[in-house]
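Student: These protein sequence lines map, in sequence, to chains A, B and C.
Heads up: the first sequence begins at 0 in numbering that gives the first Met the number 0, then just goes up one per residue.
Heads up: the second sequence begins at 0 in numbering that gives the first Met the number 0, then just goes up one per residue.
Heads up: the third sequence begins at 0 in numbering that gives the first Met the number 0, then just goes up one per residue.
There's no promise every hint is true.
With a straight-line cut-off of 20 Å between C-alpha atoms, the simulated EDC-like cross-links for lysine to aspartate or glutamate are [said to hold, decoys possible]:
no.	chain 1	residue 1	chain 2	residue 2
1	A	K58	C	E42
2	B	K88	B	E50
3	B	K37	A	E63
4	B	K173	C	D278
5	A	K83	A	E64
6	A	K9	A	D24
7	B	K37	A	D19
8	A	K20	A	E6
9	A	K20	B	D211
10	B	K33	A	E18
11	B	K88	A	D52
12	B	K33	A	D19
13	A	K20	A	D40
14	C	K290	A	D77
15	C	K137	B	E50
16	C	K301	C	E230
17	C	K290	A	D1
18	C	K27	C	E42
19	C	K28	C	D278
20	A	K9	A	D77
21	B	K314	B	D230
22	C	K290	A	D19
Keep in mind that the hints were calculated from the coordinates and are not lab data.
None of these values were measured; they are calculated from a predicted model.
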Amino acid sequence: MDTLKEELKKQLIEHLNLEDKKPSDIADDAPLFGDSGLGLDSIDALELIVLLDKHYHIKLSNPEEGKTVFQSINSMADYINSKK
Amino acid sequence: MYYIQSAATICHQPTFRNNGFSKQLTAEISALIKPDYKPFINPSLIRRMSEILRMSVTCGSAAVQDACINNADAIIAGTGLGCLMDTEKFLNNCITIQGGMLPPTSFIQSTHNTIAGQLSLALSNHGYNMTHTQNSLSFEYALKDAMLMLDENSGNILVGAADEYIEPLNPVAKYFELNQLPLTSGVGFFILSDKASTQTKAILADVSADYDSSQDNVLNFLNRNNISVPDMILADGFNADRFENVRNLFNGTPVISYSQYCGMYATNSAFALHLAMDLMNEKTSELSGVQIRKHQSALIVNQLLPGRTGLLLIKNYEA
Amino acid sequence: MNVYVTGMGIISAIGNNVAENLSSLQRKKSGIRKTTLACHTQEIFAAPVALTDDDLKTQYQIRQPHSRTSLLGIAAATEAWGKNTHLPNVRTGFIGSTSVGGMDKTESYYRQVLAGQPADFSLVQTHDSGNTSEKIAKHLGITGYVNTISTACSSAANALMLAARMLQQGHADRMVSGGADPLTGFTINGFQSLMIYDQEWCKPFDENRNGLNLGEGAAYLVLENEKSLAETGNKPLCLLKGWNNAADAYHQTASSPEGKGATLAMQRAIDISGVALKDISYINAHGTGTKNNDLSESVALKNIFGNNLPPFSSTKAFTGHTLAAAGAIEAVFSVLSIIHQAILPGLNYQTIMSETGLTPVTEYQSYPVNAVLSNSFGFGGNNSSLLFKKL
């Protein structure tokens with residue numbers, strides 16, 4: 000589980016060009032969206048859907064679903080595990 | 000009269016926030032000279048931006064700052080080929096990713112108006128936001144729109160041009176024999192105002208852009224501005240015959256070929272405008288062996304592509 | 000100085016000319032269908048123009064390489080130009096618009112390049128957007144001022160606005176202005192990647208709307224000042240009376256929830272026109288059918304009109320979203336609304352939007368039309384409104 004979370008953080012940084020961030024800057028339970036967290040927006044949400052498809056072969060066809068899945072690294076990891 | 004209050008250019012010469020760059024131009028075209036973008040672009044916006052967007056937001060923001068105004072009343076951009084890096088990236092993905100999902104960011108940023116749009120976001124600007132794309136005349140048409148806007152209402156217009164080089168342009172340029180000069184990137188933004196101030200750097204007396212490459216076109220343009228011979232001429236210099244025709248117009252007037260300094264991109268007359276301003280303001284007396292004695296007026300002749308002519312008349316401003 | 004509309008031309012999925020488009024609107028016949036296009040691998044709901052490139056080339060006697068964009072443009076611009084001739088005292092210019100230029104042909108070129116095959120460079124020759132306008136202007140014999148606007152989905156509205164401003168300021172006497180865009184794999188994939196491409200019929204202003212369907216087409220208006228009218232003898236159809244463009248400056252793709260840019264564009268266009276709110280009879284909305292646009296636009300409409308919103312609809316359920324061409328196609332529809340004193344229907348509407356409670360027009364009906372407001376909103380928060388008025 001922890002390896003998955005570490006992997007996700009690296010993928011997030013690479014895929015979203017978070018140039019000035021390191022994996023250790025992203026807490027497992029920190030909100031990914033909104034100003035209080037990583038500050039991602041709706042375009043990033045779409046990029047995360049592509050990331051899930053590319054690396055985990057999970058297709059999220061309804062962008063609305065992303066709102067719960069992409070709350071944090073924890074929620075993303077839970078979702079990926081639930082689909083295995 | 001239209002007054003140029005500031006100018007900011009990023010290209011393959013040391014132009015950015017460097018008054019007197021006309022004395023430091025190098026004959027060999029170097030790599031793109033990038034300033035530190037961080038002071039100009041919000042970190043949350045910069046991470047997605049391609050080079051042309053970084054250059055554009057930096058130049059646009061610097062032009063607003065250097066004109067000592069809070070914001071512009073409108074943003075007008077010209078671009079010949081638009082945001083090529085993102086366009087190529089998305090097109091490449093469309094063709095090569097079979098059955099998978101495509102990352103949307105490069106599609107979003109592929110549209111020509113991403114340049115002016117990103118500037119509106121960076122400057123929180125709700126004014127008129129326009130993008131002209133008419134290949135080698137895109138910058139001239141953007142300027143004409145800005146002048147029209149100043150005729151309608153008083154204000155400060157952020158107007159400029161941007162084009163970027165990508166590797167896949169090479170075979171196309173080679174095939175159409177447009178590769179005699181290095182293909183390059185360049186962005187220039189200016190604040191154009193209907194009122195002079197202590198910031199005024201030059202006067203933009205007139206601009207013309209049309210599908211006419213006759214010598215009469217140039218002469219008529221000067222006539223309507225009551226100028227018989229400009230103090231200097233900056234011509235694109237891309238095509239030897241067309242350059243020779245410009246030289247023959249006025250015997251003895253110094254003619255500078257500007258593309259040899261900035262390279263080949265569709266809107267490189269924006270570089271010429273900044274260069275003309277610098278030559279005049281710094282009273283630069285010589286450039287690549289061309290002697291410049293008077294610094295009151297400059298004519299820019301853009302005939303980068305055959306059959307099309309862009310003309311800019313710039314006058315020195317002395318308060 | 001007044002800006003008169005004296006000619007119009009259109010080609011879209013609901014017809015190859017003005018008469019056919021009007022007939023489809025009257026009969027509520029949509030051009031959107033489930034189809035497999037050469038440029039895209041999946042079966043999708045889209046609104047292609049019936050004529051192929053070869054049909055168009057034959058009809059307009061064209062031999063040189065042309066993008067589909069300029070072929071569609073030539074068809075519509077030729078109809079708009081009609082019996083106009085070139086006159087020495089009438090300064091005539093052309094302002095086209097397109098979002099992707101010759102991308103339809105560039106796709107074929109780049110497929111060859113990426114496959115390592117010998118590339119046909121004539122395909123990429125028409126890539127730049129300016130080429131589209133050059134080809135169309137050349138077909139009409141217009142030289143001098145030839146320009147192209149590219150601001151995504153608001154492009155043609157902006158082209159028309161610039162033409163009107165030039166006429167009003169005396170920089171030209173007669174302008175042909177509008178826009179063209181073809182269906183391309185690039186744009187279809189693009190809107191799919193944004194997850195706003197409806198896999199069914201688009202449903203503008205419906206509670207259960209789920210995105211847009213793309214279409215293709217072109218449309219142009221001929222605009223003239225009084226001096227030109229005296230020389231050409233053309234009969235005005237109506238006036239282009241108000242225009243504006245404003246930046247939303249909110250987000251790269253999403254419209255602001257309070258519809259700031261849209262509200263500014265509409266308000267300033269109405270102010271410039273001098274037309275009173277109560278005299279605006281119909282609104283041809285941008286209404287793409289995406290959740291975000293239709294909500295934001297509805298909020299903006301309420302900001303302007305409060306509880307006195309005139310009848311409104313989106314005709315994109317007929318033509319599909321034709322991107323850069325949309326503003327011109329809908330300008331033609333706005334002029335038709337004035338000429339025929341009728342308001343135009345939307346399609347596929349069933350359920351009222353819970354947030355706003357607004358109901359679009361669903362039937363073609365006779366109606367006293369004094370003025371029409373036409374909205375076009377693009378990516379990057381590029382918002383434009385045009386106001387057409389009865390003579």
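Student: Each of the hints needs a verdict: does it hold here or not?
Tutor: Hint by hint, here is what the structure shows:
no.: 1; hint: A:K58 <-> C:E42; result: holds, 19 Å
no.: 2; hint: B:K88 <-> B:E50; result: holds, 13 Å
no.: 3; hint: B:K37 <-> A:E63; result: violated, 34 Å
no.: 4; hint: B:K173 <-> C:D278; result: violated, 58 Å
no.: 5; hint: A:K83 <-> A:E64; result: holds, 18 Å
no.: 6; hint: A:K9 <-> A:D24; result: holds, 11 Å
no.: 7; hint: B:K37 <-> A:D19; result: holds, 12 Å
no.: 8; hint: A:K20 <-> A:E6; result: holds, 14 Å
no.: 9; hint: A:K20 <-> B:D211; result: violated, 53 Å
no.: 10; hint: B:K33 <-> A:E18; result: holds, 17 Å
no.: 11; hint: B:K88 <-> A:D52; result: holds, 19 Å
no.: 12; hint: B:K33 <-> A:D19; result: holds, 19 Å
no.: 13; hint: A:K20 <-> A:D40; result: holds, 16 Å
no.: 14; hint: C:K290 <-> A:D77; result: violated, 29 Å
no.: 15; hint: C:K137 <-> B:E50; result: violated, 35 Å
no.: 16; hint: C:K301 <-> C:E230; result: violated, 43 Å
no.: 17; hint: C:K290 <-> A:D1; result: violated, 37 Å
no.: 18; hint: C:K27 <-> C:E42; result: violated, 24 Å
no.: 19; hint: C:K28 <-> C:D278; result: violated, 29 Å
no.: 20; hint: A:K9 <-> A:D77; result: holds, 17 Å
no.: 21; hint: B:K314 <-> B:D230; result: holds, 10 Å
no.: 22; hint: C:K290 <-> A:D19; result: violated, 33 Å
Hints 3, 4, 9, 14, 15, 16, 17, 18, 19 and 22 from the list above are not met by this structure, while the remaining hints are.
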